[in-house]
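Enquirer: Residue strings, one per chain:
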Amino acid sequence: MEQQNETVSFGMWLFLLTEIMFFGGLFTAYLIYRNWYYPAFVAASHTLNIFEGSLNTLVLITSSFTMAMGVWCAETKRHKGLVWSLIATLILGLGFLGIKADEYHEKYVLHHIPGTSFSAEGFVHPSDEAIKAGEKPLAPDMAAKTEVYFSLYFAMTGMHALHMIIGIALLCGMLFKAWRGGYMNGHIAFVENFGLYWHFVDIVWIFLFPLLYLISRHQ
Amino acid sequence: MSEHFENHDVNAGHTENEQHIVSPKVYFLIFLALLVGTALTIGASYLEMGPWNPVVAIAIACIKATLVVLFFMHIKYSSKLMKLTVGAGLFTFLILVGMSLSDYFTRAWGQW
Chain A
1 MEQQNETVSF GMWLFLLTEI MFFGGLFTAY LIYRNWYYPA FVAASHTLNI
51 FEGSLNTLVL ITSSFTMAMG VWCAETKRHK GLVWSLIATL ILGLGFLGIK
101 ADEYHEKYVL HHIPGTSFSA EGFVHPSDEA IKAGEKPLAP DMAAKTEVYF
151 SLYFAMTGMH ALHMIIGIAL LCGMLFKAWR GGYMNGHIAF VENFGLYWHF
201 VDIVWIFLFP LLYLISRHQ
Chain B
1 MSEHFENHDV NAGHTENEQH IVSPKVYFLI FLALLVGTAL TIGASYLEMG
51 PWNPVVAIAI ACIKATLVVL FFMHIKYSSK LMKLTVGAGL FTFLILVGMS
101 LSDYFTRAWG QW
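Heads up: the sequence lines are chains A and B, in that order.
Under the numbering used here, the residue at position 215 of the first sequence is numbered 215, and the numbers go up by one with no gaps.
Under the numbering used here, the residue at position 34 of the second sequence is numbered 34, and the numbers go up by one with no gaps.
Incorrect hints may appear among the rest.
Said to hold, decoys possible - Cβ pair distances, simulated, as ranges:
1. A:Gly-11 / B:Lys-76: 17 to 27 Å
2. B:Ile-63 / A:Asp-102: 40 to 50 Å
3. A:Ser-127 / B:Trp-52: 26 to 36 Å
4. A:Gln-3 / B:Gly-43: 44 to 54 Å
5. A:Met-159 / B:Ile-95: 18 to 28 Å
What the hints assert, rightly or not - Capping the alpha-carbon separation at 30 Å, the derived lysine-lysine pairs in DSSO-like fashion look like this:
6. B:Lys-25 / A:Lys-80
7. B:Lys-76 / B:Lys-25
8. B:Lys-76 / A:Lys-80
9. A:Lys-100 / B:Lys-83
10. A:Lys-145 / B:Lys-76
11. A:Lys-132 / A:Lys-145
12. A:Lys-77 / A:Lys-100
13. A:Lys-132 / A:Lys-107
14. A:Lys-100 / A:Lys-177
15. A:Lys-107 / A:Lys-145
16. A:Lys-77 / A:Lys-177
17. B:Lys-25 / A:Lys-77
18. A:Lys-177 / B:Lys-25
19. A:Lys-100 / A:Lys-145
20. A:Lys-80 / A:Lys-145
21. A:Lys-100 / A:Lys-136
22. B:Lys-76 / A:Lys-136
23. A:Lys-136 / A:Lys-107
24. B:Lys-80 / B:Lys-25
25. B:Lys-83 / B:Lys-25
Said to hold, decoys possible - Selected chain B positions facing chain A (in silico; Cβ < 8 Å):
26. Ile-21
27. Val-22
28. Tyr-27
29. Phe-31
30. Leu-34
31. Tyr-46
32. Leu-47
33. Val-68
34. Lys-76
35. Ser-79
36. Met-82
37. Thr-85
38. Phe-93
39. Phe-105
40. Thr-106
Calculated from the structure, these hints are not laboratory results.
Even for Gly, the Cβ is constructed at its ideal location relative to N, Cα and C.
Work out the full structure, taking the sequences as your base and the hints as a guide.
Expert: Laid out in structure tokens, this is it:
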């Protein structure tokens, strides 16, 4: 039985390692382009909403904690505790996506979504408030490279959000089963593996947040 | 006879399994550590440290990720096989990312 349990989480870890490689490719692309188009990446990074980014970090770390508590409740056969932990994780996960959607909407308003409606005008001619805050105007060719930043921003946060959506779908199914009295017989491999997946998604955000939002803040 | 039963105790594996359950206290301490790490990384991003800003940001993120892997994901309490697998995966990851980055970052070496 010990060996069977280990095999299940071993398989889950192999899957997560492939996921790490996948996100690693995106991170590498981001670091290389940041090195090439440094001024554009600094200016574009400054337009991100640091309050919402920090709030989302808080929300996601808390949801990781509630999920860890859910795994503990399943291990110690606490039915109510498991249901409430999963509900808390679900609410926090949805809260994360809600805040993310608000950030995406802000990008839409500012024409920062890559594509035909993208405009780097705000980087060539910054608003008076931005200049007061220390923002320097970029040359038009460098300002155009902010589109690369936003492409990577949407690719990375979008893939992360997709993982959240898949996680929330699985979480709903698990919550339904737990609510009906499931996972109380010691067969909790699904809960444990979902926990691993959820913590992995948290780790991806732990790296996304400083790289996209914070790394150029002081300039 | 009693010795014979002790050696084949079906609960022997079970009690060992029980030790793998991480207590809520540990989870809560790690949760607090992650919150402190988040506050530190936000604070550090507003300090002017030149080339050290990204280094500090990534270092704090690595510490936070390590805490999550060790405690939330139970690797600290797992078998050697699991530890080695995760370690080998991270090692391969670092080679792929590190080699790619060192190539791109040194292409214009000496031309600035």
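Enquirer: So which of the earlier hints does this model not fit?
Expert: As far as the earlier hints go, 2, 9, 10, 12, 20, 22, 34 and 40 are violated by this structure, in ascending order.
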